[in-house]
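**Q** Kindly produce the complete structure, drawing on both the sequences and the hints.
These protein sequence lines map, in sequence, to chains A and B.
Heads up, the first sequence is in this note's numbering, so the first residue is 1 and it goes up one at a time.
Heads up, the second sequence is in this note's numbering, so the first residue is 1 and it goes up one at a time.
You may find that some hints are simply not true.
Stated by the list, open to error - Dumping the calculated SDA-like pairs for lysine to any residue here, alpha-carbon to alpha-carbon at most 20 Å:
| hint | chain 1 | residue 1 | chain 2 | residue 2 |
| --- | --- | --- | --- | --- |
| 1 | B | Lys42 | B | Val113 |
| 2 | A | Lys42 | B | Gln88 |
| 3 | A | Lys42 | B | Ser89 |
| 4 | A | Lys42 | B | Lys42 |
| 5 | A | Lys42 | B | Gly43 |
| 6 | A | Lys42 | A | Ser89 |
| 7 | B | Lys42 | A | Asp45 |
| 8 | A | Lys161 | A | Asn2 |
| 9 | A | Lys42 | B | Leu44 |
In short, the hints are calculated from the structure, not lab data.
Note that the structure is predicted; figures quoted are calculated from it, not measured.
2 protein chains.
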Amino acid sequence: MNPDQWQTYLVTQASLSAGRSTTDIVEAAIEGGVDAVQLREKGLDIGTRYELGRELRELTTEAGIDLIVNDRVDLAHAIGADGVHLGQSDLPVSAAREILGPEAIIGASVSTVSEARLAAITGADYLGVGAVYGTDSKPDAETADEGLGLDRLTDIAAAVKIPVVAIGGITPDNAAAAIDAGADAVAVISAITGADDPTAAARELSEAVDGASVEAEAETVEADDD
Amino acid sequence: MNPDQWQTYLVTQASLSAGRSTTDIVEAAIEGGVDAVQLREKGLDIGTRYELGRELRELTTEAGIDLIVNDRVDLAHAIGADGVHLGQSDLPVSAAREILGPEAIIGASVSTVSEARLAAITGADYLGVGAVYGTDSKPDAETADEGLGLDRLTDIAAAVKIPVVAIGGITPDNAAAAIDAGADAVAVISAITGADDPTAAARELSEAVDGASVEAEAETVEADDD
Ligand code: NI
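**A** Shown next as structure tokens:
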């Protein structure tokens, strides 16, 4: 796939999966229609992430969806992932590109317009923008009441041409608002990993984005008619 | 250089450097004659290690010695390091080889003969064997009274043809014994990073290894004469 086809994107985190394995969560989420999976699992040593990554590679290849590895470019290369997702404190996009090659999908986390522009200029293929609504999945992230907000998301989406994936506090209830604000897709951790029924949660999320995308396209057509 | 030319090997750790920067410690250690430097610094985020690694790459290239990166194959590639050092919970040697190529120096941490044989078979260029005397540099390592001991070091050195670097509790006083036991070189963290005079400490270590190596060669010659 290509990032501009993504609508829903699952970031894995075993510690937020209510005792279920990441493999089980990913299988369930695939059944619910996610388009991309990011192997994060910062708490696991790299050897364990390598074994898990190989399992996720099988599942995602079978499903025809993308597998992205958080931070570790070497792990992405080793498991044949589709790409890597880099934070602001990770290796530069150019270093990842040299290792993974021109076809790899390289994403960058940004929270400001200038970070977004810089990431796009240095060759990122998509942006993870957040925390939009704030989140408590990442202990080091802004807290819930310090989310970037939808206006910032709109500004960032307007500043770059590459796809924008909104992350942080996204739920089936507020996903459409993020798409309306300019995001092309939404990423979640606990909205899926922590759900009683991860398949249903993924499906709800996907339907919410679908509905918003259709509306957004209709609006674009109307605007073009003017 | 080639690992079989190494005698002394410094592993960096800012948190064990008595408030001095890793760059300053490495400069001092180079002056004292170390043959290889390993960028470890697990406590620093990867972006910070990248910046530090670029500085160490300049210093080590200028000095004509090797720079090895702990664990992160992608970082090693990004800063043009000579190689990478992999622990038992890191990526497999083969994955590092694919990213870094045939010329790269890939080291593996082992503590048993079977780990040593496996690492050599899978293409490691040298082994880090320890903790020989036990160490408190690594909180997760065996404690001081649980070091592998010199007999294990001898067994491992006898089981493989690639160079063996002894690590763990090595000082100028006990370095010769490790060489006598079969090690080709010694690696230290705090014996240099924590020394009042890191240059003098590196020099003492290098002289201790030199003396032992000369003796070992003389013994080999005598043995050949029989
Ligand atoms: Ni390459």
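**Q** Look at each hint and say if it fits the structure.
**A** Do the hints match the structure? See the list:
1. The suggested pairing of B/Lys42 with B/Val113 is violated, with an alpha-carbon distance near 27 Å, which exceeds 20 Å.
2. As the CA atoms of A/Lys42 and B/Gln88 are separated by approximately 18 Å, the hinted pair is consistent with the 20 Å bound.
3. With a C-alpha separation of about 14 Å, the suggested pair A/Lys42 and B/Ser89 falls inside the 20 Å cut-off, and the hint holds.
4. Between A/Lys42 and B/Lys42 the alpha-carbon distance is near 13 Å, which keeps this suggested pair within the 20 Å criterion.
5. For a cut-off of 20 Å, the pair hint linking A/Lys42 to B/Gly43 stands: about 14 Å separates their Cα positions.
6. A hinted pair counts as satisfied when its Cα atoms are at most 20 Å apart, and A/Lys42 with A/Ser89 qualifies at roughly 14 Å.
7. Restraint check for B/Lys42 and A/Asp45: the C-alpha separation of about 12 Å stays at or below 20 Å, so the hint holds.
8. This hinted pair checks out: A/Lys161 and A/Asn2 have alpha carbons roughly 14 Å apart, not beyond 20 Å.
9. Between the alpha carbons of A/Lys42 and B/Leu44 the distance comes to roughly 14 Å, so the proposed pair stays at or under 20 Å and holds.
The structure fails hint 1 only (numbered hints given earlier).
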